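Participant: Below are the chains, spelled out letter by letter.
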Amino acid sequence: MVGIIDCKIGNIGSLHNALSYLGARVEIITRPDDLTDCQAVVLPGVGAFDPAMAAVESSGFAAGVKAYAEEHRPLLGICLGMQILTQGSDEGVLPGLGLFQGRAVNLRKLGCMGKVPHVGFNSVQSTTGDSGFIAGTSESDFYFVHSFGLPCSNLTGSSSIVEYQGAFFIAALHHENLFATQFHPEKSGDAGLILLEYFLSCSRSA
Amino acid sequence: MLKKRLIFTLYYNDGGFYLSRNFRLQRVGDVRWLVDKFRFKSIGKFVDEIVILDVTRDTQGASKDNRFGNAVSYLMRETFVPLTIGGALRSLGDVKQCFHLGADKLLLNTPILNQPDLVHECVVHFGAQAVIAAIDVRREGKVYFSRIANAQANGLHLTEHLQIAAELGVGEVMVNSIDQDGTGNGFDMELVRQCMGIPVPLIVAGGAGKAEHFADILSLPGVDAAATGNLFNFIGKGFERVRAHLLEQGLPVRSVTL
Chain A
0 MVGIIDCKIG NIGSLHNALS YLGARVEIIT RPDDLTDCQA VVLPGVGAFD PAMAAVESSG
60 FAAGVKAYAE EHRPLLGICL GMQILTQGSD EGVLPGLGLF QGRAVNLRKL GCMGKVPHVG
120 FNSVQSTTGD SGFIAGTSES DFYFVHSFGL PCSNLTGSSS IVEYQGAFFI AALHHENLFA
180 TQFHPEKSGD AGLILLEYFL SCSRSA
Chain B
0 MLKKRLIFTL YYNDGGFYLS RNFRLQRVGD VRWLVDKFRF KSIGKFVDEI VILDVTRDTQ
60 GASKDNRFGN AVSYLMRETF VPLTIGGALR SLGDVKQCFH LGADKLLLNT PILNQPDLVH
120 ECVVHFGAQA VIAAIDVRRE GKVYFSRIAN AQANGLHLTE HLQIAAELGV GEVMVNSIDQ
180 DGTGNGFDME LVRQCMGIPV PLIVAGGAGK AEHFADILSL PGVDAAATGN LFNFIGKGFE
240 RVRAHLLEQG LPVRSVTL
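Respectively, the protein sequence lines represent chains A and B. For the first sequence, counting from 1, position 25 maps to 24 in numbering that gives the first Met the number 0; every step adds exactly one. For the second sequence, counting from 1, position 145 maps to 144 in numbering that gives the first Met the number 0; every step adds exactly one.
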């Protein structure tokens, strides 16, 4: 079964629809204990960093997700969910879970000359590493909606990079059992479904 | 590179979906009609976002009945593009209900002027990216005024209204031309000039009648998205043709995944 973590920090409806559409047995999980039964877990998130991080902490998922990840089980963070997996964000003061290196900064700080937030479908500029998941991100346009982004330096694993109005930042990350996307695969039409399918296939073989 | 967006706006009222013409509503069909006529299963290939407005009168957002929720779920169950919900959102409870129904963003109109605290709360709580300010605009000569719900007189100068929205920290602005609304005569290109320089993405609505209209408006710098709520002009393969035209014209739009 695939668990979608619900800390009331994201819209889980479309993610639930997308994963179910792909044939997965999907459960919304609200208690860290429920992680035990999951073959794969998705952490979605939208909104501001600190309220989201506080919700992850207070619900007990911070510790739960870290323990889950340490067992090398597949985990996917989406949008703010990705930033929560990093060391933190300039948008807030709370530390992230630190499963990925780096911390999110405002797109302006990354040199963005355009309007913020970065909203809409954008395509990946380049990729590093040999991950099939990351390769899948370079095939099409994906839906982004965010004001903070992860700089492209000091990363472990494979990554894909997107450019917006002069700013370069991370579109997706993959390292061993850990997956993350700044964009929303569940709102990116067929291209997004293909990526989610890839994630699910990793969880089946894990 | 960031693509320009094509947005489909749906007006829901008391169980049906409506066509709006100069802001007067006319019932067209129910949710099954919509799913059937617009081939909703594949609409996500051709439109980038969907906006659903509950314009049912006499019910506050909080009391949105199950029928609205059911219609939204039915429309979106196999459509994987971003969803915005709006219409009579007056409290944080109403807003939460929208997210519960699967909204990614909120469309706020009246609260921009009447309930700035609610708008601010939404921005803080859900992030700027989740809040779109909708401004309905009427043209008088060369001047644009915003329309204020339930008020006889015209509202503010558009520039003033835009300023207020920007100060509230909304993530996007949608300007809708009342004069062009539902006419199919094309977008108000002049209106865009009045919105230049806003710090957030701009969505223009009102007047789309054919593919060329989208090409016209999206070719303007400063326009990030164009929306239509016209239930007749883009029926069947309409949006497929619009997208094909935009791609043909070399406009930066999302390519179609086949």
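In case anyone wonders, no lab produced these hints; they're calculated from the structure. The structure presented is a predicted model; accordingly, all values stated were derived computationally and were not measured. Don't be surprised by glycine CBs; every beta carbon is placed ideally from N, CA and C. Be careful, since some hints might not be right.
DSBU-like, lysine-lysine: derived pairs with alpha carbons at most 35 Å apart [said to hold, decoys possible]:
no., chain 1, residue 1, chain 2, residue 2
1, A, Lys114, B, Lys40
2, A, Lys108, A, Lys65
3, A, Lys114, B, Lys209
4, B, Lys236, B, Lys209
5, A, Lys65, B, Lys95
6, A, Lys108, B, Lys141
7, B, Lys236, A, Lys108
8, A, Lys7, A, Lys108
9, B, Lys95, A, Lys114
10, B, Lys236, B, Lys36
11, B, Lys141, A, Lys7
12, B, Lys36, A, Lys108
13, A, Lys114, A, Lys7
14, B, Lys44, B, Lys209
15, B, Lys40, B, Lys209
16, B, Lys44, B, Lys236
17, A, Lys7, A, Lys65
18, B, Lys95, B, Lys40
19, B, Lys44, B, Lys95
20, B, Lys236, B, Lys40
21, B, Lys36, A, Lys65
22, A, Lys7, B, Lys209
23, B, Lys141, B, Lys209
24, B, Lys141, B, Lys95
25, A, Lys108, B, Lys40
26, B, Lys36, B, Lys141
27, B, Lys209, A, Lys108
Label pairs and their computed distance ranges (CB to CB) [as the list claims (entries may be wrong)]:
no., chain 1, residue 1, chain 2, residue 2, range
28, B, Asp35, A, Gln100, 36 to 42 Å
29, B, Ser254, A, Gly128, 45 to 51 Å
30, B, Asp35, A, Ser57, 26 to 32 Å
31, A, Asp36, B, Trp32, 39 to 45 Å
Participant: Next step is simple, just say for each hint if it's right about the structure.
Facilitator: Now the hints, each set against the structure:
1. A/Lys114 x B/Lys40: 32 Å, holds
2. A/Lys108 x A/Lys65: 29 Å, holds
3. A/Lys114 x B/Lys209: OK: A/Lys114 and B/Lys209 at ~28 Å, within 35 Å.
4. B/Lys236 x B/Lys209: Given pair B/Lys236, B/Lys209 holds - Cα atoms ~12 Å apart, limit 35 Å.
5. A/Lys65 x B/Lys95: 29 Å, holds
6. A/Lys108 x B/Lys141: Roughly 39 Å between the alpha carbons, so the hint for A/Lys108 and B/Lys141 is violated.
7. B/Lys236 x A/Lys108: 43 Å, violated
8. A/Lys7 x A/Lys108: 29 Å, holds
9. B/Lys95 x A/Lys114: The hint holds at about 27 Å.
10. B/Lys236 x B/Lys36: Judged against 35 Å, a Cα distance of about 9 Å means the pair holds.
11. B/Lys141 x A/Lys7: Answer violated: B/Lys141 to A/Lys7 is near 46 Å, above 35 Å.
12. B/Lys36 x A/Lys108: 46 Å, violated
13. A/Lys114 x A/Lys7: 28 Å, holds
14. B/Lys44 x B/Lys209: 18 Å, holds
15. B/Lys40 x B/Lys209: 22 Å, holds
16. B/Lys44 x B/Lys236: Status holds; Cα separation ~11 Å.
17. A/Lys7 x A/Lys65: Holds, at roughly 19 Å.
18. B/Lys95 x B/Lys40: At roughly 27 Å apart (the allowed maximum being 35 Å), B/Lys40 and B/Lys95 satisfy the hint.
19. B/Lys44 x B/Lys95: At roughly 28 Å apart (the allowed maximum being 35 Å), B/Lys95 and B/Lys44 satisfy the hint.
20. B/Lys236 x B/Lys40: 12 Å, holds
21. B/Lys36 x A/Lys65: Violated, at roughly 47 Å.
22. A/Lys7 x B/Lys209: Since the Cα atoms of A/Lys7 and B/Lys209 sit roughly 41 Å apart, the hinted pair is violated (cutoff 35 Å).
23. B/Lys141 x B/Lys209: Distance of about 25 Å is within 35 Å: holds.
24. B/Lys141 x B/Lys95: Violated, at about 39 Å.
25. A/Lys108 x B/Lys40: 40 Å, violated
26. B/Lys36 x B/Lys141: 39 Å, violated
27. B/Lys209 x A/Lys108: 40 Å, violated
28. B/Asp35 x A/Gln100: 36 to 42 Å: Given range 36 to 42 Å: violated, Cβ gap about 50 Å.
29. B/Ser254 x A/Gly128: 45 to 51 Å: Roughly 25 Å apart at Cβ, these two residues miss the hinted range, so it is violated.
30. B/Asp35 x A/Ser57: 26 to 32 Å: 45 Å, violated
31. A/Asp36 x B/Trp32: 39 to 45 Å: Given range 39 to 45 Å: holds, Cβ gap about 42 Å.
The structure is inconsistent with the numbered hints 6, 7, 11, 12, 21, 22, 24, 25, 26, 27, 28, 29 and 30, although it conforms to all the rest.
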